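A.B. asks: What follows is the residue order along each chain.
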Amino acid sequence: MPDLVVYDKFSWHFPEGKGCPGPQAARAHFETVMDWLQGHGLLTPFGREVSEMGVSADFALTSDMVTERGNRVLTAAYGEWLNTVDYDRKPDTSLLDSALAVVG
Amino acid sequence: MPVVGTALESVQKVLKGKAPALAESQASAATEKAAAKTFVPDTLALSARARGAASASGAQRVYWRDAQSLVRKTQVEINREVGADREALALTHLKRQFPQSQGFVVLPQAYLRDSAGKILKDAVSGEARRVDFVVFKHRSVVKSLEITSKTASKVEQMAKEERIRENGGNYILHPETGALIHFPERLHTKVWRLD
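As you go down the protein sequences, you meet chains A and B in turn.
Just so it is clear: in the first sequence, position 104 is 103 by numbering that gives the first Met the number 0, and no numbers are missing.
Just so it is clear: in the second sequence, position 124 is 123 by numbering that gives the first Met the number 0, and no numbers are missing.
Hints listed in this document are in silico derivations from the structure and should not be mistaken for laboratory results.
Remember, it's a predicted structure, so these values are computed and weren't measured experimentally.
Check each hint, because a few of them may be wrong.
[Claimed, not checked] With a cut-off of at most 27 angstroms between alpha-carbon atoms, the simulated DSSO-like pairs for lysine-lysine come out as follows:
(1) B/K189 to A/K17
(2) B/K142 to B/K94
(3) B/K153 to A/K17
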C-alpha cells in the first residue's frame, strides 16, 4: 500500500503552531488551496467529498484527495507556496499556477 | 518578489528529481529526530522591517531561516514543517511497534464512518472526525492515536469523536480494498504529545 502523503493539516497551524491568531487564520490558506485545486480539476472524488464538508479542526490535505497531476503540483510547490503565505492576508495562488504550468 | 523566483527554481528541481519530494523529506525527518529544528530570524528581512519597508501588498512579511539549511521560511511553512516532522516520528514509531510483517497496517488520517461506509458527522459541531493514526489487523482496529504538541488542547476533538462513535461511527475504510474495518467500542483514541 503506497504511503499517504500528508501535505498539511489544520491542527499544525491552530492550536499547535506558533503565531497563528486563531482558527479563521488557520482556515484561510486551506480554503484557498482547496478552491484552487477544485477549480483546476485536481481533486479526486474523495477530495471533493472532503471539500464539501468544509475546513474544520480535523482537516488534512492528503495525497488521496488529489489527482496524480495534483500530487505532482503539491509535491513540487506546496511548501514553497506556504513560504509566500501569511496568516493575516489572503493567499496569492500565482506560485501554484506557475507550478501547474510546469507540470503541464 | 524574490521568494517566488526561488520557489520556482525549487519546483523545477523537484520535477527534475534533483530535490527530495515531500514524502521523502518527511521520512528522513523522522529518522533524524534527534536534531530538533531551530529557526532564526532572517536578519535581512528584519532590517528591512526596521527601515519601514513594506511589501508590494503594503503589509510586512517576517521570514525566518532554518538554522541548518538557511532556507528562508514563513511562520506558516515552519508550522507545517514542525507538524509534519512530529507525525513522521509517530509513524516511524508505530511501524516499528506494529510491523507489516505481522499483518498490521498503520493508516494515517482515517475518517470515522458508519456501518454503510459513510463519513459520519457530529450532531453538535457538524464536523467529521479524521483520526491521525489508526492501526489495524485483519478487519479490526487495534490502536488509535492523535498526535499533537505538548500544550495544544484536544478536549473538543476527543469529545466530538466520542459523540460520533456513540452514534455508530465505529468503522474506518481500508484505502485499497474498500472494506470496512471495525473500531471496537472498548478501544479509544489516545493522545500522544510530542515536542
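A.B. asks: Take the hints in turn and mark each one as holding or not.
C.D. replies: Against the structure, the hints come out as follows:
no. : hint            : verdict
1   : B/K189 to A/K17 : holds, 24 angstroms
2   : B/K142 to B/K94 : holds, 12 angstroms
3   : B/K153 to A/K17 : holds, 17 angstroms
In this structure, every one of the numbered hints holds.
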